[in-house]
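Respectively, the protein sequence lines represent chains A and B.
Numbering of the first sequence is given in our numbering, commencing with residue 220 and proceeding in unit increments.
Numbering of the second sequence is given in our numbering, commencing with residue 220 and proceeding in unit increments.
Just so you know, the hints here were simulated from the structure itself, not pulled from any lab data.
On a predicted model such as this, the values are computed, not experimentally measured, just so you know.
Backbone N, C-alpha and C define an ideal beta-carbon position, used for all residues, glycine too.
A few of these clues could be false.
[Claimed, not checked] To spell it out: a stretch of chain B is covered by chain A in this simulated footprint if at least three of its residues, at any positions, have a beta carbon under 8 Å from a beta carbon of chain A; those stretches are:
1. 238-245
2. 297-309
3. 335-345
4. 350-358
There are 2 protein chains.
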Amino acid sequence: MGQPRDIIHKLSELGYRVTPQRMMILSAIENSDSHISAEEIYAQVVAKYPRVNISTVYRTLELLKRLDLVTETDLGEGRVRYHPADRGHHHHLVCQECGAIIDLDESALFSLRDTLLREYKFVADLRHLAIFGRCINCRQ
Amino acid sequence: MGQPRDIIHKLSELGYRVTPQRMMILSAIENSDSHISAEEIYAQVVAKYPRVNISTVYRTLELLKRLDLVTETDLGEGRVRYHPADRGHHHHLVCQECGAIIDLDESALFSLRDTLLREYKFVADLRHLAIFGRCINCRQ
DNA sequence: ATTGCGAATACAAACGGTTGCAATTAACTA
DNA sequence: TAGTTAATTGCAACCGTTTGTATTCGCAAT
Numbered sequence: 220m221g222q223p224r225d226i227i228h229k230l231s232e233l234g235y236r237v238t239p240q241r242m243m244i245l246s247a248i249e250n251s252d253s254h255i256s257a258e259e260i261y262a263q264v265v266a267k268y269p270r271v272n273i274s275t276v277y278r279t280l281e282l283l284k285r286l287d288l289v290t291e292t293d294l295g296e297g298r299v300r301y302h303p304a305d306r307g308h309h310h311h312l313v314c315q316e317c318g319a320i321i322d323l324d325e326s327a328l329f330s331l332r333d334t335l336l337r338e339y340k341f342v343a344d345l346r347h348l349a350i351f352g353r354c355i356n357c358r359q
Numbered sequence: 220m221g222q223p224r225d226i227i228h229k230l231s232e233l234g235y236r237v238t239p240q241r242m243m244i245l246s247a248i249e250n251s252d253s254h255i256s257a258e259e260i261y262a263q264v265v266a267k268y269p270r271v272n273i274s275t276v277y278r279t280l281e282l283l284k285r286l287d288l289v290t291e292t293d294l295g296e297g298r299v300r301y302h303p304a305d306r307g308h309h310h311h312l313v314c315q316e317c318g319a320i321i322d323l324d325e326s327a328l329f330s331l332r333d334t335l336l337r338e339y340k341f342v343a344d345l346r347h348l349a350i351f352g353r354c355i356n357c358r359q
């Protein structure tokens with residue numbers, strides 16, 4: 220995602236407005252050192268700018284997703300998490316027994332992606348996949 | 220999922236109660252010829268038994284999932300869909316452009332499952348996967 | 001048939017997230 | 001610098017789903 224500075228530049232370049240809300244949401248995601256939820260972003264932003272609304276957070280996240288600046292991951296917690304897209308695409312193995320989350324390099328899905336392309340002519344978007352199951356500690 | 224009769228038997232065998240709500244929810248899923256949503260199940264049940272509540276539908280679906288009698292699929296419509304588990308495990312390729320849904324045989328994911336097991340000792344539960352992307356008609 | 005008990009229910013409120021719309025405002029023009 | 005206008009926002013209502021809780025009810029024992 221680079222520096223917030225770059226992103227702000229990119230936004231206005233593409234004709235999007237640079238609003239204080241967007242800047243604060245951007246820096247909340249940037250400053251998070253792991254995956255952050257919309258609610259957490261909102262809490263951080265509202266502390267400095269109380270009039271902001273949660274729907275603005277969701278709409279901004281929607282925009283940033285569309286521009287490939289953030290990646291969304293559903294880890295099955297009943298809430299989705301976000302992180303800067305340039306921190307690398309990785310996937311998650313989520314243990315349904317103990318809740319452990321194991322990072323999975325995106326290369327693990329390269330052959331699946333190729334198969335889908337070859338056999339189904341389908342361009343799979345595998346940037347934010349969570350696979351559920353049982354980890355080594357939870358199966359006997 | 221077999222006959223509703225069998226399932227009802229299985230439920231009471233396992234110590235679960237056989238209630239009219241559960242029977243009606245079961246037959247709604249059974250009679251659907253494709254994937255059915257909780258809302259659609261509810262609509263069908265409420266027509267014959269107006270006092271039933273939507274939360275009962277969700278809790279029953281939760282139970283049936285746990286007992287491996289129904290499978291849940293999230294096709295990204297903002298609502299989850301259900302179908303009898305014994306109708307076969309297949310996956311879906313969902314086109315984010317035109318909304319097309321392409322069925323994908325579960326065998327397409329066998330090699331991924333093996334890789335995860337071998338390299339991560341992770342038993343992946345790949346029964347209800349939706350993969351998003353672009354179909355052949357929507358990419359140039 | 002009646003009782004007792006715990007499982008299942010209806011109901012209401014809450015959850016995370018989305019949407020329609022009127023008011024605000026960033027960024028262009030003059 | 002002020003004026004214009006379409007993008008963006010706040011707000012409120014809504015969506016599908018989940019959860020807490022008091023009440024109901026299936027079912028085994030009497």
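- Message: So, against the hints stated earlier in the document, which numbers end up violated here?
- Response: 1 and 2
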